[in-house]
Amino acid sequence: MASDLVCPRCREPLLPGQPDCPYCAGRKKIPLLHREGVIIAAVVMVAVALWVATTFVTKAYAARQQQLARQWFERGDGDLRAQHLDAAIRELQTALAYSHDNFQYRLRLGEALAAEGHTRQAQAHLQALWDEEPGNGTVNLELAQLAVRNHDVAGALRFYHGAVYGIWQDNPAQRRREARLDLIEFLLAQRAHQQAQSELIALAADLPRDPALMLRVAGLMTKAGDHRRALQEYREVLGLDPNNAEALADAGEAAFSLQMYPEARDYLRRAITEHTQDAQAEAHLRIAELVLQMDPYQRRLPASERERRIMNAFEQAGSRLQQCASARVITPDRPLGNNPLATDYANWTARKPRVNPRALRRNPEQGDAAMDLAFRIERDTTQVCGPGSAADLALLLIAQRREGTTP
Amino acid sequence: MSAPDNPVPVVAAKPEVAGPVGGSNVRVLRRAFAEDRLFLLLAVVIGVLSGLSVVCFRIAIDWSRLYLLGSEVPPTGWRLLLAPALVGLLVAAIVMLAFPRVRGSGVNQTKAALYIYNGYIPFRTVIGKFICSALAIGAGHSLGPEDPALQIGAGIASALGRRLHLSREKVRLIAPVGAAAGLAAAFNAPISAVLFVIEEVIGRWSAGVLGAVVLSAVASAVVERWFLGFAPLFRIPAFQMFRPGELLAYAMLGVAGGFASVVFSKAIAFLRPRLKAMPHWTQFIQPGVAGLLIGFIGFIGFPQVMGAGYEYVDQAMHDQFTWQFLGILAGLKILSTTISFVSGTPGGMFAPTLFIGAMLGAAVGGAEHVIFPQLNGSSAAYALVGIGVLFAGFLRAPMTSVFMVLEVSGNYSIIVPVIIANTIAYLISRALQPAPIFDLLSRQDGIDLPSMEEQRELSVLRIEDAMRPPPTVVLSDDLTVGEAVKRAEHAGDELLLVRRSPAGWSLVRKDELAKMARLGKHELSLLTVLPPARAPVLHPDHPLDTALHYIYDFPLLPVAHRADLQRLEGLLTMADILHAYRGADDEPAPAPQMP
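Chains B and S are the protein sequences, given in the same order. So in the numbering used here, spot 186 of the first sequence is number 186, and the numbers just go up one at a time. So in the numbering used here, spot 74 of the second sequence is number 481, and the numbers just go up one at a time.
Next comes chain S alone, as it looks inside the complex:
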C-alpha cells in the first residue's frame, strides 16, 4: 500500500503547481491547512464523544441483561427461553418500523458511507443501533457490541462532519475516524481498532487519515478507561514461554481455526440470502425465532453461548472448562451466532468471533495435552492464539489479528505461535472461501464495495512490465548539431533522446535537428541550442500509473537506472502503456509518433 516515491523532478511536469502562488491560492492553502487542523481537533472530539457513547452502550447492554436474564452468571431458568424470543420480536418491530438501516454490518455501512454516500450515516441509525443492539445482546442473542459501537462512532463522526461543513473528502473520511473510535472503546484496544479500520475500511495508509484515526481511537480508549477502568477484556493468566516443538501444536490450532472460519462463513453465506428472500412479514418474527432457538440452546445447558460471552472467555482462559465442553461451546456459538446474525438482529460478530476462537483454541490445546502430555502450553495461551486465528480466518484481518492478541494479552512472547497459526488459518480460509465475510455481506445486499483483501492482492503493473529496450541511437548534449544530424540518420524513430549533462534527459525531433542545421547551426553544440526543459525520468520499479501523469506532455519517457541516472534502462510510450494494460504481449507496440 505504500505510495511510490516520485519520479525525479527533472522537469516540472505540471505547470499549474509550479506557477507563482497568487492571492486566491493562499486562501485555498490557508483554508486547507485550517481544515486539516480542524480535522485533527475534530478527531479528538469524535473520540471523546464515541468513547462516552460506547461506555453508555456497554452499560446499557449490561443493564438490559440484568433485567432480562437476571443477575446470575450464567443465567438459568425459563427466562433463558423467553427473554431472547420476546426481545427478538420487539427488536424486529423496532427495526422494521423505525430504524430499517440498523440491520446489517456496521463495518459495511461505514464502508458504504466512505465509498458511496459521501460520508453520510444518518444519526437516526446511531440511535437505532444503540437501542436495538443493547436490547438484543442483553437478552442473550449471540452477538457482540463491537460492530454496533463501530457504527455508533462512525455515525457520530458523520453527523459532526456534516454539521461543520467539512469538504467532501474530509466528510467521507470522517466516518472511518469515528469507526476507529467506536471500536477502540468497545475493545479497549486502540491499536487493533486503528489497524482494523485501516485494513478493512479505508484500505490505505496515509499520514493525514492515520493521524486522525489514531487520535480518535486513543481519545476514545482513554475515555473508556476513565469510566470503566484499565482492566482489559479478559484477565490473562501468566503463562510460560512455549517450547519450539509446541509450534506444531499451534499450527494444528491454525488448521482447526481455518476450517471453523470457513464453516462459520459458509453458514452465514448460505442462510442469510435465504432468510432475506422469505416474505417480508417473516422479518418481523425471524429475530424472535432466532431468540427462541438460542434460548433453547441455553436452556438445555449451554447458556454460555448467549450474549457476547466475554466472561466465559475469561473462564476458559483460567481452565474452568474441560476441552470437550470447550469444543461443544465453540460449535454451538457458531450455530447461535449464525442464527442471530442471519435473522437480522442488530449486533456484531466480533465478540462471537473472539468467543469461538478462544473456546476452539482452549479445546484444541486441551485435546493436545491429553494426546501429548509433554506439551506445557497453558489454556490461556491456546485461547489467545485461537482468538487471533478466528480473527484472521473469519474476519480476514491478518494484521489486526496479530496485534489484537498482543494488545489484549500484553505478552510479546506469544507472537510466534500467533503468526504461524493465523497465517495457516488465513490461507485455509482464503482457499476455501474466496470472498471475505464483509465483502460477501455487501454483495448479498447488492452493494459493490471495494474489497480490501482483493486490493491487497491486486498485482500492480510496473514500468518494467511495459518499457521497451533502449534505442540504439542516443545523443548527448556535447555533440554539435551537425554530428547529431548524422547520427540521427541511423535512428529509426522520429524522436530522439539526448543525454544532458550533468544529469537528465531531453527529447528532440529529427526534423528539429534538420531545421537547426538548415539555419546554419552546424557547429553549435546541442547544449546551447536545446531548451533547458528536461523530460521526467522514470525508474523500472515505478508503478505504471506514474507514467500516465507525464505521457501526454512527453510522448517518449526515458527509464533510467536508480543508481545512475545517465544509464538508460528502456523507453516508454503511450502505446507501450496501453499495450501493458491490455495484457497483450504477443505483438510489440508501435513506434512513438509525435503529438
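Pulled out of the complex, with its shape left as it was, chain B reads as follows:
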C-alpha cells in the first residue's frame, strides 16, 4: 500500500492518491509553526482552552444529570408511595442511571423491588448497600424482611440485630424499637419464645410511657408466655389509663393464666363493665368466679365451708363421670376393659359414703383423698369426653393450682 513516490522537500513517502505531502502541507500554510517551541506553546494553549471548555461542558452535563436524577427519583418515590410499583421501579432505575452512587435512590429502588416481590433483585441492591454501610439501620431492616421472606432464619436474625443496633438518620429510638418489635414477631413466628422474651425484656427497659405501645409489648409478652411481665406491663398501662378496656381484659387474661383468680376476676369484671361484648373475658370471668367459689384450699376458709366445697367438688366430679360414662355406654355392670372411667367410677362409688361433713371433720385427710379423686375424674373425663362444663374446668384449674402445674 505504501507509495514509491517521495516528497521532494522532506523525502517522506507520499500517501497513495494524495499529491501533497502531509508533512509539508502544514509548513506551507503556517510557516511560523516550524519552530518547535512555538508549537509546544500553541499545544499548551490549546490544551488549556480545551480544559476550560471541558470543565464547562462537564459541569453543565453534571448539572443536567443531577436534575434528571432528581426528577426521576421524585416520580419514582411518588409512584412507590402510591403503590404503582412497576412504574416506580422503572423510574427509580432511571434516576440511578444518572446518579449511580446515590444511596437514597438505591435504597428506594431496593424497597420498590422488595414491595413488587422481586426478592432476588431487591436483595442484590440492598446487599450492595449493606456492603457499603453495614451499620445502616434501614438497609438492615429491609434485608431482614427479605430474609424472613426467604425463610432464612440466620440471615433474618443477623439483619434484625443490625437494624436494632444500627444507625438511623431520623428518630433512631423509635426506628430501633420498631425493628426490635419486628424481630420479636419473627421470633414468635419461629416459636423461639426464649429469644423473644429476652428481646422483650430489652425492649421494655426503655419503653416510652405510651399505652398503645405498652399494650403491644405486653401482648407480645403474653404470646411469648411471659405472663408475669405482661401483667406488670398491663398494670402500668392501667396506671396511666385506668379505664382502658383492652388493658383490663388483657390484664385479666394474664392474671387468669397466672392462676391469680381474684385479680383476674377484678380485671375481667372491670373490662366487661367497660366493654361488655368481650365473650372471652366473660367466659374467663365466669371460670375465675367458679374457681374462687369452689376452691376448698383457699386460705382462711372456715372448716364448714371447706367441707361443703369438698363435697360439692366430689359431687360435681361424680356427676361429670356419670355423664361421660353414659355417653360412652360404660356402667359398673358393664365395665369396658381397663377403661380409666370404670376404675374412677368404682373408686368414686367406694368413696362416696365417706364424703360427708362428719367424716370429713373427723378425718381431714379424707377431704384431700376425695379432692384427689375428683381431680383425677375430671382429668380422665376430659381426656375421654372432651371439655366439660365451666364448673368442671374450674375444678381442673383448682387441681392445677393445687398440684403446682401450669395451665
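Just so you know, the hints here were simulated from the structure itself, not pulled from any lab data. Be a bit skeptical, because a hint or two may be false.
[Stated by the list, open to error] Label pairs and their computed distance ranges (CB to CB):
(1) S/Glu576 / B/Gly37: 21 to 29 Å
(2) S/Pro780 / B/Asp101: 28 to 36 Å
(3) B/Ala42 / S/Ala638: 52 to 60 Å
(4) S/Arg681 / B/Asp101: 40 to 48 Å
(5) B/Ala154 / S/Leu678: 29 to 37 Å
(6) B/His84 / S/Pro857: 56 to 64 Å
(7) B/Gln104 / S/Tyr819: 28 to 36 Å
(8) S/Pro780 / B/Glu178: 32 to 40 Å
(9) S/Arg974 / B/Gly37: 51 to 59 Å
For clarity, every value in this text was computed on a predicted model and none was experimentally measured. Heads up, the beta-carbon is just placed ideally off N, CA and C, and yes, glycines get one too.
Starting from the structure of chain B, add chain S where the hints point.
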C-alpha cells in the same frame, strides 16, 4: 517478545560504533536524546489532550442519547424505532460525503498508520469519528465509544507528531501512544489500555515505547477521572471467594464464551464483505436499515441492546435480570452489533464485547445455579469472568482480557477463574476461527497488516537449529606454529578455530599457518603471532538472526556453552544459516570457504 541478550562482545563486530565519537556524532546523539525527552513530554501532552477529547466525546454521546432517545432508561416509545434509523441515514450521508475514512476499525487504522502510513492519521478523521460515533451510539446503534476514542487519541497524537517534525520512527510510534491514551480514558483503565496497545497494535515490548505509552495512558486516565470522577465502568458488588469446585463452572463459561466469540466473529466475517460488495448507493442507507432493525429489537422489548449498554452490565452484575433474559440479551447483542458494525456505522466493538460477555457470564452463572444450587458464585463474578472470556475469545487479546477484569473489578481473588475461562475461550476461538477479528477486518479491506497473534505464534529459529557439530581439530593459543601446522594437517576444513586464553576464540586459515612456518616462526606460540581480534561467541539459544550480524566478517562462528565459554558446542557458517532458513534438513550444508 523479549529481545535476546547480546552475544559476548569478544570482538567489536561493528567498527562503525566502536570508533571515536566525533563532533557530528555528538550532535546526532544530542538530538536523539532531545527527541527522546521530547517524545516522553509529548506523550503526557497527548494523554492530556486525548483525555479531554474523550471526556467531551463521552458527554457528546450522552447528550445525543438524551435528545434522541429521551431521558428514560431504558428508553421507550416510538423513538426507539425512529431515532436509530434516521440517525443512521444522517451518519451515512456525513461519512460518505465528508469523512470516508471514519468507517471501519480504529484499531486497524492505528495499525495502518504505524505500519503503512508513517504514523499519518488525518485530523479530519478525528473530527468525523467524534461526530458520527457520538450520533450513532447516542441514537442507539449497538456500538461502543472505546474504538473511536482510541482513534481520536491516535489522530491527535499523529497531528502533534507531524507538527513537531519528529523523526519518522517517532511519528510512526506516536499514533499507538495516542491510541493508548484514548483507550485508557474511554475504559478508565490505563493498565488494560497499555496492554492492549502493546499486545494488539505495536506487538512488541520496548522500553522507549512502553514509557511513552504508559505516560500517555496514565495522563489520559487522570484527566478522565478529574472530570468524570473515579467511579469505574461498573459498580462491582462485593463477592465471596469461590470454592475450588466452582472452577468447573467457570470452565463451562469459558466454553460458552469461546463458541459465542466464534459466532460473533463469523457473523461479521460473513456479512461485512457482502454488504460492502453491494452497490455504492446502498452504503447511504445501510446504517439506516441497521438502525431500523436495532430499533425494532428495542421496540419489541429489548432496548437494553441499544447503545453501549454499560448501565445494563451494571444491572446484570446486581442480579437485576433472570438468567433466561440475560441469555436472550447476549444473543440479541451479538445480532445487533453485527448489524451495526457491518453496515459501516462508525463505532467500536469493545463495549458490545463487554456487554455480551457480562450477559453471557451472568446467564451461564444463573443457569448453573439452577442446576447446581450448591454453587455460590455471585452474578457479578460470573459477569466479570464473562467479560474477560469474550475479550479473550473475540478480540483475541488474552493478556489484556485478564488484566482488564482485574483492573475493572479491583478484586485479585477472581484471577484464577478468569485465567481458566479466558484460556479455554481463547483456544476454542483460535481453533474455530483462525484469523483474529482485527486481522480479518484488515484483510477484508485489502490491507495486509501484521498479525500480532501470528507474530506471537511464530516459531523462532535458533542457533542450535542451524549449527553443526564441533570440529575434531581445535587449536589453542599456547601451541607453537609448528605444532599447529602439524595438527592442521588432520583437519578437513580450511578454517581452524583457536581457543584463546583466558577466554574467546579466533579464526586462522591453514595457509596462514603454513606461511608463518615458512617465515621461520615455528617456535613462536600462536598467542604471539595471532592478532588480538577475536570472533564473536554465540550460544545455542540465540535467535539465528543474531548470527547474520557477524557472519559476513566471520565466515565461521563458534557456538560456546553459556556456563563455560571455552567449551565449544558447535560451529555456524553462512551455509548452515541458509540451510536452516530453507528448512532443508535432508542434506548437510557444505563446508565453510574463505571469503
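Right, here's what the structure says about each hint:
{"no.": "1", "hint": "S/Glu576 / B/Gly37: 21 to 29 Å", "result": "22 Å, holds"}
{"no.": "2", "hint": "S/Pro780 / B/Asp101: 28 to 36 Å", "result": "32 Å, holds"}
{"no.": "3", "hint": "B/Ala42 / S/Ala638: 52 to 60 Å", "result": "34 Å, violated"}
{"no.": "4", "hint": "S/Arg681 / B/Asp101: 40 to 48 Å", "result": "45 Å, holds"}
{"no.": "5", "hint": "B/Ala154 / S/Leu678: 29 to 37 Å", "result": "53 Å, violated"}
{"no.": "6", "hint": "B/His84 / S/Pro857: 56 to 64 Å", "result": "59 Å, holds"}
{"no.": "7", "hint": "B/Gln104 / S/Tyr819: 28 to 36 Å", "result": "32 Å, holds"}
{"no.": "8", "hint": "S/Pro780 / B/Glu178: 32 to 40 Å", "result": "34 Å, holds"}
{"no.": "9", "hint": "S/Arg974 / B/Gly37: 51 to 59 Å", "result": "58 Å, holds"}
This entry does not satisfy hints 3 and 5, going by the numbered hints stated previously.
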